[in-house]
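**Student:** Letter by letter, the chains look like this.
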Amino acid sequence: MNPELIRVVMFSVGMATLATVVMLPPGIALAWVLARRPFPGRTAVETLVSLPLVLPPVATGLILLRLFGRLGPVGRWLDRLGIEVVFTWKAVVLAMAIMGLPLLVRAARSGFEQIDRRYEQIAATLGARPARVFLTISLPLASRAVMAGAVLGFSRALGEFGATVMIAGTLPGTRTLSTSIYAYTQTGQDAAATVLLAAAVVVAVAAVVVSNRLSSAGHGDR
Amino acid sequence: MARVPIVLDFTVHQGPFTLEVHQRFEAQAVALFGPSGAGKTTVLDSIAGLRRPSVGVIEVGGHVLFDSERHLDLRPHARHVGYVPQDVALFPHMSVRKNIFYGIGRGVSPSLDTVLRLLEISPLLDRRITGLSGGERQRVAIARALMSGPNLLLLDEPLAAVEQSLRERILPYIECVRDELKIPLIYVSHSLDEVRRIADRLLTIEEGWVVESTTGHPRLAEGRVLR
Amino acid sequence: MVACRTVLFVTILAVLSCGPGDTVSNEVSPVVVSVAVSLSGALRKAADEFERATDVTVVLNAGGSDTLATQLLAGARVDLFFSADTRQMDRVVAGGRVVTKTRVDLLSNQLVVVSHIDRVGKVSGVTDLGSSQVRRIAIGDPDSVPAGVYAREFLESVGIWDAVRSKVVPTRNVRAALAAVEAGNADVGFVYRTDVTLADRVGITFVIPVDQGPQIRYVAAVTSDAPHEAAARQLLQFLRSGRARRIFEEAGFIALPGTPP
Chain A
506 MNPELIRVVM FSVGMATLAT VVMLPPGIAL AWVLARRPFP GRTAVETLVS LPLVLPPVAT
566 GLILLRLFGR LGPVGRWLDR LGIEVVFTWK AVVLAMAIMG LPLLVRAARS GFEQIDRRYE
626 QIAATLGARP ARVFLTISLP LASRAVMAGA VLGFSRALGE FGATVMIAGT LPGTRTLSTS
686 IYAYTQTGQD AAATVLLAAA VVVAVAAVVV SNRLSSAGHG DR
Chain B
36 MARVPIVLDF TVHQGPFTLE VHQRFEAQAV ALFGPSGAGK TTVLDSIAGL RRPSVGVIEV
96 GGHVLFDSER HLDLRPHARH VGYVPQDVAL FPHMSVRKNI FYGIGRGVSP SLDTVLRLLE
156 ISPLLDRRIT GLSGGERQRV AIARALMSGP NLLLLDEPLA AVEQSLRERI LPYIECVRDE
216 LKIPLIYVSH SLDEVRRIAD RLLTIEEGWV VESTTGHPRL AEGRVLR
Chain C
251 MVACRTVLFV TILAVLSCGP GDTVSNEVSP VVVSVAVSLS GALRKAADEF ERATDVTVVL
311 NAGGSDTLAT QLLAGARVDL FFSADTRQMD RVVAGGRVVT KTRVDLLSNQ LVVVSHIDRV
371 GKVSGVTDLG SSQVRRIAIG DPDSVPAGVY AREFLESVGI WDAVRSKVVP TRNVRAALAA
431 VEAGNADVGF VYRTDVTLAD RVGITFVIPV DQGPQIRYVA AVTSDAPHEA AARQLLQFLR
491 SGRARRIFEE AGFIALPGTP P
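Going down the list, the sequences are from chains A, B and C.
Here our numbering is used: position 80 in the first sequence is 585, and no number is missing along the way.
Here our numbering is used: position 35 in the second sequence is 70, and no number is missing along the way.
Here our numbering is used: position 33 in the third sequence is 283, and no number is missing along the way.
For the record, the hints were derived by calculation from the structure and aren't laboratory data.
Note that beta-carbon positions come from the ideal geometry of N, C-alpha and C, so glycine has one too.
Do not take every clue at face value.
Pairs of lysine to aspartate or glutamate residues, derived as DMTMM-like cross-links and limited to a Cα-Cα distance of at most 20 Å, are as follows [what the hints assert, rightly or not]:
#, chain 1, residue 1, chain 2, residue 2
1, B, LYS133, B, ASP122
2, C, LYS295, C, ASP305
3, B, LYS133, A, GLU625
4, C, LYS417, C, ASP391
5, C, LYS295, A, ASP695
6, C, LYS351, C, GLU479
7, C, LYS295, A, GLU509
8, B, LYS133, A, ASP621
9, B, LYS217, B, GLU94
10, B, LYS133, B, GLU94
11, C, LYS372, C, ASP450
12, C, LYS295, C, ASP461
Facing chain A, according to a computed beta carbon distance under 7 Å, are these residues of chain C, among others [said to hold, decoys possible]:
#, residue
13, VAL287
14, GLY325
15, ARG425
Kindly generate the complete structure, drawing on both the sequences and the hints.
**Tutor:** The following block contains the structure:
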């Protein structure tokens, strides 16, 4: 296995992990907000969050490119600050995080919805302000669902292709497992593609093992 | 015996029904009596701040917890009202110790040693919630509520989930709490025996109205027929 | 929690592994070329020669010509655009993203018809396509894949498109068309001569003579706000040189005559 292939695998796993970490705070916040009481504009938020799931990844990639490209509304502003997203590793993380977020939100939301409200109410009567209730009661009780959502998000991030190709390109610094497999098959380098494919399977299995460990550890700790 | 002025003067909706509560009194222990579904839990929820009455005033010991006219509605965490709900609701992901200590720091709590002694739960401190018996859970829940330093303690059918034989054993704990810690109680039950032993004032819910049945000393006089 | 620490560790590892050490081998950042996937292999070889001769590093951003054009139009920082599809070059010209004066047709290709290696020769000419022995014809999607577009243009020009269009199986890309023929799901496929080596069990069953076939053009241009404009122009000149031409011809492309540098 040549060093370039190893680098691609490490890079992809690293970026997918970073993307998962990045998607957790907004994902948990969105899941919480959607799980609790209805508010004006809730349907709009739900739709927006589901978009990356429903649109073809290339379409999502196109939207991100238009937004974050140097000539786009967000990209133009970032450019002035000297920050480049398109064609850098940041674009890889962005694409992965956007695509994984809906899966995290769904799983986490269902976790929050299943918590008996009584626990949160009693915690409040014991003097806990809403933030403390969330951190000490709601989040721990929903942790298995959140964890499951994070694993889903990670898997989606690792397998992400369409949007990544669009905003990160296939430069040596931004090639992921998925885009490399594609590029190698397109140029007839089947041997390299097969090696990466095997690596992808190994990582997927590892992700499942880790997620099982996490969920059973969570159970035992408490 | 400490008697605390309590004002419960509000209207709250329970599903399609309305509950009217208009009582002012000074009492150490008040019982709320009535058949299931009548709205007893709704009354407690309103006092704790978990439900908002449409109009009215709630005052405990001179502190205003709710006043619709002045747009005052203290959040539950600010009300200093301890709540032991019917389903006990001990936090399943924490140990007994963590549960009991959860509310510490909010108000002026009674001495931990006293509470542990009164409820006889010292040996339980490092246990998980899942292994506890019904009676043990009740006592832990009461201890938890007490350690948050409440000015008022709400108990919703504390003995309902406890087997008959055990009830006799637990009632004294509650009497201890009433007598030694001097925290006013509102005690919901559908058992007349419990009510007679605990309360020095009785309220019943009749067709959406919370009415006073009788006040007496030492405990309840025979009085109105209670459904 | 052990799990949290593991995640933190892997994240730090990741952030470190994606640091700036990747693409830069000297102080200057590399010249970036957006190149069509089909060209990327040969271009890499040519770029390696260029790197040896100069002090410039060249990195390739390979993709579908349409994706590359879309990226350019959104402002992606690229120095040179090498497209397999003239329509995509027209798009970026219209968007003002390339220096029009540098636009040049560098290469061409030849359309060939392939079949499974065991059946090479059975289908020997255009007229055979209409016969019953050919039930399915795989070509890249004629709406988007350049090879497919050219295939359709050719079939229209010889007047049999309408007769055979019901047999046409549009595929996502050339590789998929080859796979269809390899697997027996299509009897023949239209690909470029340069694509034949991508699959093992297919062979050319007949070629479309260059003068009868469509005008396939691979076109390159320097971008209008190239971070390394001078180096990009230098690279483009190199691609027109004899040495570069030989590399492309070895891969099966047709180097277009033009003013040698």
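**Student:** If a hint holds in the structure, say so; if it does not, say that too.
**Tutor:** Hints versus structure:
1. For the suggested pair LYS133/B and ASP122/B, the alpha carbons sit about 19 Å apart, so the restraint of at most 20 Å is met.
2. Distance check on the hinted pair: LYS295/C and ASP305/C sit about 16 Å apart at the alpha-carbon level, within 20 Å; holds.
3. Restraint check for LYS133/B and GLU625/A: satisfied, since their Cα atoms lie roughly 15 Å apart, inside the 20 Å limit.
4. Among the hinted pairs, LYS417/C with ASP391/C is consistent with the structure: their alpha-carbon atoms are about 13 Å apart, no more than 20 Å.
5. Annotation: proposed proximity of LYS295/C to ASP695/A holds, straight-line Cα distance about 18 Å (limit 20 Å).
6. For a cut-off of 20 Å, the pair hint linking LYS351/C to GLU479/C stands: about 13 Å separates their Cα positions.
7. With a CA separation close to 17 Å, the supplied pair LYS295/C and GLU509/A stays within the 20 Å bound.
8. A C-alpha spacing of about 19 Å is found between LYS133/B and ASP621/A, which places the hinted pair at or below 20 Å, so the restraint holds.
9. At most 20 Å may separate the alpha-carbon atoms for a hinted pair to count; LYS217/B and GLU94/B meet this at roughly 18 Å.
10. Simply put, LYS133/B and GLU94/B have alpha-carbon atoms about 30 Å apart, too far for the 20 Å limit, and the pair is violated.
11. For the hint linking LYS372/C to ASP450/C, the alpha-carbon distance of about 18 Å falls within 20 Å, and the restraint holds.
12. Straight-line distance between C-alpha atoms of LYS295/C and ASP461/C comes to about 29 Å, which puts the hinted pair past the 20 Å bound.
13. With a cut of 7 Å, the hint placing VAL287/C at the interface with chain A holds, because the nearest CB-to-CB distance is about 5 Å.
14. Nearest Cβ of chain A to the Cβ of GLY325/C: about 3 Å, under the 7 Å cut. The hint holds.
15. Annotation: ARG425/C was flagged as interfacial toward chain A, and the flag holds, the nearest CB pair being 5 Å apart, inside 7 Å.
Of the numbered hints listed earlier, those contradicted by the structure are 10, 12.
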